[in-house]
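Take 1 as the starting number for the sequence shown in full-length UniProt numbering and just add one per residue.
No lab work stands behind these hints, which were simulated from the structure alone.
Keeping only pairs whose Cα atoms sit at most 25 Å apart, straight-line, the calculated SDA-like set for lysine to any residue is:
#1 LYS48 - SER79
#2 LYS48 - TYR76
#3 LYS48 - PRO26
#4 LYS48 - ARG103
#5 LYS194 - HIS31
#6 LYS48 - GLY97
#7 LYS48 - ALA20
#8 LYS194 - ARG37
#9 LYS48 - LEU9
#10 LYS48 - GLN16
#11 LYS48 - ARG63
#12 LYS194 - ASP178
#13 LYS48 - ARG72
#14 LYS48 - THR17
#15 LYS194 - PRO153
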Amino acid sequence: MAETLEHLLDAIRNCQTCAAHLPLGPRPVLHVSRTARLLIASQAPGTKVHETGQSFNDASGDRLRAWMGIDRTTFYDSSRIALVPMGLCYPGRLPQGGDCPPRPECAPQWRARIMAQMPDIELTLVVGSYAQRHILGARQVTRCCLDFRHYLPRYFPLPHPSWRTGAWERRTPQFGHDVLPALRACVQAVLAGKPVPEILPPDPA
1 MAETLEHLLD AIRNCQTCAA HLPLGPRPVL HVSRTARLLI ASQAPGTKVH ETGQSFNDAS
61 GDRLRAWMGI DRTTFYDSSR IALVPMGLCY PGRLPQGGDC PPRPECAPQW RARIMAQMPD
121 IELTLVVGSY AQRHILGARQ VTRCCLDFRH YLPRYFPLPH PSWRTGAWER RTPQFGHDVL
181 PALRACVQAV LAGKPVPEIL PPDPA
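Turn these sequences into a full structure, and let the hints steer you where they fit.
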């Protein structure tokens, strides 16, 4: 018998695969539905997301929503937008600061099964280096993001929207001039039930 979304979510909530490695214990955080057309594939929950159980419920989420040009109500409408990180649980902190990488066991165990429950996904925003490496095989975030047309219409790569990205944005003006307008056009089209539009390169100066 085919797996249902409800059965899958129950299995994910009861997962103990990484429990010994998670300092705050397992608490998978994802938002999915069978009708979602836009998927945000990120890296792993932070501490605030772990506490609240709501993906991107922090400053990085504010930055991502600003990039996309949508409000919180639209962002958390799981009938339209799915949020599935590479690691579903908070992975802990690195000794030198910053969060640990997503647990390597998580995506191989769950991702294909989650994707099988979302047949209507038209566009995936691939957010951050871990997601880009897993989904796109890309290892250089700046190059991947600036070459976003190469991955359309199925994928749109983005940097992780942490506070550190502010300095990167200032050093990379193409992101604001070229990438963000294209991102917003793609997001608005998909949320309106339209195909991902063709994004032509900017006219040479």
